[in-house]
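**Q** Residue numbers (this note's numbering), protein chains in the order written: chain A, 1 to 492; chain B, 493 to 566.
To be clear, the hints were calculated from the coordinates, so they are not data collected in a lab.
Each residue gets a CB set at the ideal place from its N, CA and C atoms; glycine is no exception.
One thing to keep in mind: the hints can contain errors.
[Stated by the list, open to error] Residues of chain B clear of chain A, computed beta-carbon distances all greater than 10 Å:
hint, residue
1, K503
2, D514
3, I519
4, E523
5, F524
6, W530
7, R552
8, P554
9, I555
10, A559
11, K560
[Said to hold, decoys possible] In silico DSS-like cross-links for lysine-lysine, where the CA-CA straight-line distance does not exceed 27 Å:
hint, chain 1, residue 1, chain 2, residue 2
12, A, K288, B, K512
13, B, K535, A, K288
14, A, K266, A, K209
15, A, K413, A, K432
16, B, K529, A, K44
[Stated by the list, open to error] These stretches of chain A come out as covered by chain B in the derived footprint (C-beta under 8 Å, 3 or more residues):
hint, region
17, 16-28
18, 286-298
So you can see what is in the structure, the chains are spelled out below.
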Amino acid sequence: MSTLTREETEALIQEVLEVYPEKAKKDRAKHLAVNDQAVEQSKKCITSNRKSLPGVMTIRGCAYAGSKGVVWGPIKDMIHISHGPVGCGQYSRAGRRNYYVGTTGIDTFGTMNFTSDFQEKDIVFGGDKKLAKLINEVEMLFPLHKGISVQSECPIGLIGDDIEAVSKKAAKEINKPIVPVRCEGFRGVSQSLGHHIANDAIRDWVLDKRDGQQFESTPYDVSIIGDYNIGGDAWASRILIEEMGLRVVSQWSGDGTLAEMEKTPKVKLNLLHCYRSMNYISRHMEEKYGIPWLEYNFFGPTKIAESLRAIAAFFDDKIKEGAERVIAKYQPMMDAVIAKYKPRLQGKTVMLYVGGLRPRHVIGAYEDLAMEVIGTGYEFGHGDDYDRTIKEMGNATLLYDDANGFELEEFVKRLKPDLVGSGIKEKYVFQKMGIPLRQMHSWDYSGPYHGYDGFAIFARDMDMAISNPCWSKQTPPWLKKPEVEVELKKAA
Amino acid sequence: MANIMVQKDAKGAYVFYLPKRDLEDAIVSMEFDTPEKWGGEIKLNNGGAYYIEPQALPARFPISLRAKRIDAAE
């Protein structure tokens with residue numbers, strides 16, 4: 001079934017590479033690897049963060065997706081203008097299920113789409129005037145917004161509009177911060193550079209705005225960075241951190257506000273969930289403000305307990321006791337969840353292909369359910385992501401970087417996992433092949449999956465997908481051999 | 493010249509970070525590592541080498557610096 005030996009996995013990779021022309025084959029070979037826990041540095045076995053091959057069906061996004069969709073978009077009390085043609089903003093609008101509280105259109109704007117709707121004349125004559133006009137309109141129609149970010153789409157960089165000048169001028173007029181973000185889609189090889197650009201924009205335009213201001217701090221101030229509150233994830237994490245006695249000053253960027261971001265430099269510890277998209281700003285704060293940061297993992301009880309203890313290690317005994325108390329409180333609940341679902345899910349195999357932190361973070365949650373992850377890969381991970389992944393994955397399992405439609409399909413056909421965790425673009429391909437799929441980008445419109453509460457939902461959802469009776473009904477009735485015939489054959 | 497960041501890991505060893513290429517790697521050797529003189533040629537675990545203008549030991553890590561690339565491994 002699943003567990004291939006090292007040689008078999010290598011042979012599988014070779015077989016899949018067979019269809020490519022020579023040059024493409026050479027390139028793709030570097031992105032596919034068999035995991036070896038003995039390897040210290042991932043780049044010895046896998047290449048990542050390189051330009052995708054033209055012509056293959058990659059599922060990566062662009063820098064705009066990384067900045068507007070991931071980092072800036074969820075900040076709820078700012079208006080994020082998709083500056084450029086209408087499509088980029090419209091087709092990415094409200095797709096990521098970053099939950100928030102507030103009245104949309106009055107004081108929060110998370111699911112709305114603001115765009116400058118570029119036309120031919122704006123490309124020819126420049127769109128600066130339009131942007132200035134748009135900002136004034138926004139200010140008039142939505143006076144309760146706390147600030148604006150200008151998310152550039154490709155044409156802005158191509159025609160060389162000076163959005164910085166417009167932003168500075170308009171910010172003075174309306175007396176609110178306006179942040180120009182140079183996240184044109186063509187920059188970089190994937191959304192990953194968009195995260196970096198967005199982080200740099202936060203560093204340059206937001207973070208130092210309250211330096212020197214009075215702030216009533218406690219020794220237990222922390223911030224949650226890199227949790228996008230998909231299906232309520234950040235809330236499920238936040239209650240645990242508050243329960244152990246810490247004070248969450250700010251939460252980025254899911255359900256986050258501009259004021260929270262500005263107050264982040266006042267905290268004592270930055271808790272970083274999505275390393276890939278927010279490590280840049282954490283490093284900056286470590287250098288400038290001396291705030292340490294810690295990567296944590298809130299998927300599955302084992303990793304949560306590990307993370308809570310690691311977080312508590314930064315503080316005094318009161319917090320350490322708090323962490324133990326939280327773990328002890330939820331453990332019986334988790335035992336019940338595992339007792340219920342483990343017998344149904346034990347030994348099932350999973351293949352993952354997502355982005356950000358999930359290809360390695362959710363492995364622990366699956367292992368808590370006695371499921372096995374036999375293949376994983378990042379859409380846009382870098383070397384440091386794979387460094388961390390190698391240790392989490394079993395030996396001789398498959399690693400694939402920036403896999404395309406063809407490769408993923410072939411791997412799944414051969415490895416026959418019981419479940420695939422990927423996105424909407426893969427969902428129906430694999431379900432039509434008879435393999436259940438859970439979307440690990442949007443939690444398949446479920447969630448939260450973070451924290452103890454999330455794990456109960458996670459376990460239920462995985463069971464729901466795998467144990468669905470439809471998978472045994474893949475053969476249509478007219479192709480089924482009549483049972484009598486089968487029995488006759490057996491008798492003979 | 494490249495902007496780099498030098499930080500210390502949990503064990504106190506130097507770690508090199510090049511934001512532009514998102515390259516994070518251990519520093520295996522540093523030419524000068526005394527309180528008065530610090531920097532010089534640094535060698536990375538991946539085989540790359542950079543040069544930091546020798547200076548007094550920075551009071552705090554991580555620190556952003558300008559470094560000259562001598563040899564970038566790939």
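**Q** Are the hints correct? Go through all of them and say.
**A** Status of each hint after checking the structure:
no.	hint	result
1	K503	15 Å, holds
2	D514	5 Å, violated
3	I519	14 Å, holds
4	E523	23 Å, holds
5	F524	21 Å, holds
6	W530	17 Å, holds
7	R552	7 Å, violated
8	P554	5 Å, violated
9	I555	6 Å, violated
10	A559	15 Å, holds
11	K560	21 Å, holds
12	A:K288 <-> B:K512	18 Å, holds
13	B:K535 <-> A:K288	26 Å, holds
14	A:K266 <-> A:K209	12 Å, holds
15	A:K413 <-> A:K432	12 Å, holds
16	B:K529 <-> A:K44	34 Å, violated
17	16-28	violated (count 0)
18	286-298	holds (count 3)
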